[in-house]
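When you get a sec, could you build the whole thing from the sequences and use the hints?
Read top to bottom, the protein sequences are chains A and B.
Per numbering that gives the first Met the number 0, numbering through the first sequence is continuous, rising by one, with the last residue being 321.
Per numbering that gives the first Met the number 0, numbering through the second sequence is continuous, rising by one, with the last residue being 321.
Hints are computed from structural coordinates only; laboratory data are not their basis.
Do not take every clue at face value.
Since the list gives no way to pick one copy over another, a pair counts as held whenever it fits inside one copy or between any two copies.
[To be verified] No farther apart than 25 angstroms at their CA atoms in a straight line, the calculated lysine to any residue pairs in the SDA-like style are these: (1) Lys27 - Ile82; (2) Lys73 - Ile136; (3) Lys185 - Thr255; (4) Lys202 - Ser102; (5) Lys204 - Leu26; (6) Lys27 - Ala44.
Protein chains: 2
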Amino acid sequence: MAVYTEIPDAELVDYLKQYDIGELHSLKGIAEGVENSNYLLSTDAGMHILTLYEKRVNANDLPFFLGLMEHLSKNGLECPQPIPLKSGEQLSKLAGRPSAIISFLDGNSVRRPTPLHCKQLGEALAQMHLAGEGFEIKRPNALSVKDWRPLYNMSAAGSNSVAEGLSKLIEDELTYLESNWPQGLKTGVIHADLFPDNVFFLKDKLSGIIDFYFACNDMLTYDIAICINAWCFEADHSFNVTKAQALLNSYDTVRTIDKDEYVALPILCRGSALRFLLTRLYDWLNVPEGALVVPKNPAEYIAKLKFHQSVQSTSEYGADIS
Amino acid sequence: MAVYTEIPDAELVDYLKQYDIGELHSLKGIAEGVENSNYLLSTDAGMHILTLYEKRVNANDLPFFLGLMEHLSKNGLECPQPIPLKSGEQLSKLAGRPSAIISFLDGNSVRRPTPLHCKQLGEALAQMHLAGEGFEIKRPNALSVKDWRPLYNMSAAGSNSVAEGLSKLIEDELTYLESNWPQGLKTGVIHADLFPDNVFFLKDKLSGIIDFYFACNDMLTYDIAICINAWCFEADHSFNVTKAQALLNSYDTVRTIDKDEYVALPILCRGSALRFLLTRLYDWLNVPEGALVVPKNPAEYIAKLKFHQSVQSTSEYGADIS
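Here it is as structure tokens:
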């Protein structure tokens, strides 16, 4: 559930004068995005998203996020793009917070993706990876392999209360991944959080990708691994090979998956499963008082991690590539 | 803060087939309305509000609320109106709840109304009272004078913990109002909750009235009294006679305020202040566990009640009518 900062009327009217989008029609707080306050903003120029960046987002990262959306959009990816102020800036300030106005992207996320959705996802992900080339600002992944053990240490004491044997499972996996994490794979800008809520479809056709607030520079194939975890398992946590096959094959038609990327996929899937397991475990054990969010159960990612541990080779993900 | 019921994709697509508004573009949960789940629904036919009626709304009242919006809109009031199903019905069912699609009303509520806003409010309120004539379904006011003592009894034990002497203030007021509540004033359909969040303005011109889920049959002047309480006090709870004057004079230009209505206004203001004091007191003392809402402090309505108790005659509200 999003935060809602109250925006004083007069301040909003003045704020809009900095932009070339006409006058205010309506503003409605929307239930989208966990880290920021988001509003649907309608003006003479149509519908936009107004975002106030709340404390959990590092303001120093905003030029990366906003610049990236502009760069991707200019390079043909369907995604929201920042509306510039008259001054040419992308970032402004409203209600005491950094803020931006972003174009409105039509479409709706799907809660139960089909193989057809996964096929389109694969194409769009590869398009995003290509479109990200040449983007000059860099942002390291703050949640990669070296960050997982410190993150785990904050939850270690409570981990066995969540699932029996969880602490050993995680510690063994950390040790394994720290020694075996792939090196030298192709890197670039990755989305790093491309869950079904961040992909819009319009009449079953992918209409765009949103929410670049975890985007960073890392191995491109790690982004594929995140998508396999987020899109290719059923509600009972069983793996759906048809969906993974659709995702991988369609990705490969847009950006060829190299041999070494292909080989590394199972371990990247393990790493991605562990990364979401660790953040969910932390959130599960540290629900703030008066929280508006029910934390997601880490059990889902325990099951996914165990599945990937059982995988012997990438062919088990169903791809017709190698 | 509104409730958000998750709507399964396939169910939503099927649901829209019952209507003549084309296919789904997007659906976003919005932070509007406390009793229901509200979504901005965009389809081939444009923007709408989709409402799921949650448990706090009595389903038997829905034909009154929806029928009223249609009636008022047909009679020229700017307000949302239910989009009929192909079957002609206004009410349907989605995600296991009664539901309706309502037209989208452009505009934005103001948080700090000026006298100019109050002037437009007065006109619109009188227009609503006239437009409500001839509406055949009836709904008694469930929060009128006879309901206040039972409501108070549920909070009586805790009331002095909220403010010193509150229990005596309320008991004396109940006794006074029960003996002196006006009889025989003109009745009709009243909005009964016309706070600033329920009135939209577009470029400082009133664009419409929303949220008819407290509407009922009662004395028309009681609705004016509610608006005086909701619009004509400052943040420090001081009364702003300029705003009340603007509201009353403009109302009177559209629907004449009778002599007996004029005389009864101070006591109706006292009753209205007590009504909101009592519901806020109850909510304040009964915050449900895990609530998403910070209850409103009852102190505001203690101050307003005391102000109206001090009023000797309606002329103190500034109206140039009598």
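Against the structure, the hints come out as follows:
1. For a Cα distance limit of 25 angstroms, the shortest separation of lysine 27 from isoleucine 82 qualifies both inside one copy, at 18 angstroms, and across copies, at 21 angstroms.
2. Within a single copy, lysine 73 and isoleucine 136 get their C-alpha atoms as close as 16 angstroms, which meets the 25 angstroms cut-off; across copies the closest is 56 angstroms, which misses it.
3. Proximity of lysine 185 to threonine 255 under the C-alpha cut-off of 25 angstroms is restricted to the intra-copy arrangement: shortest distance 11 angstroms within a copy versus 77 angstroms between copies.
4. For a Cα distance limit of 25 angstroms, the shortest separation of lysine 202 from serine 102 qualifies both inside one copy, at 20 angstroms, and across copies, at 22 angstroms.
5. Proximity of lysine 204 to leucine 26 under the C-alpha cut-off of 25 angstroms is restricted to the inter-copy arrangement: shortest distance 16 angstroms between copies versus 28 angstroms within a copy.
6. For the identical chains of this complex, lysine 27 and alanine 44 are neighbours both inside a copy (16 angstroms) and across copies (20 angstroms), given an alpha-carbon limit of 25 angstroms.
Checked against the numbered hints given earlier, the structure satisfies every one of them.
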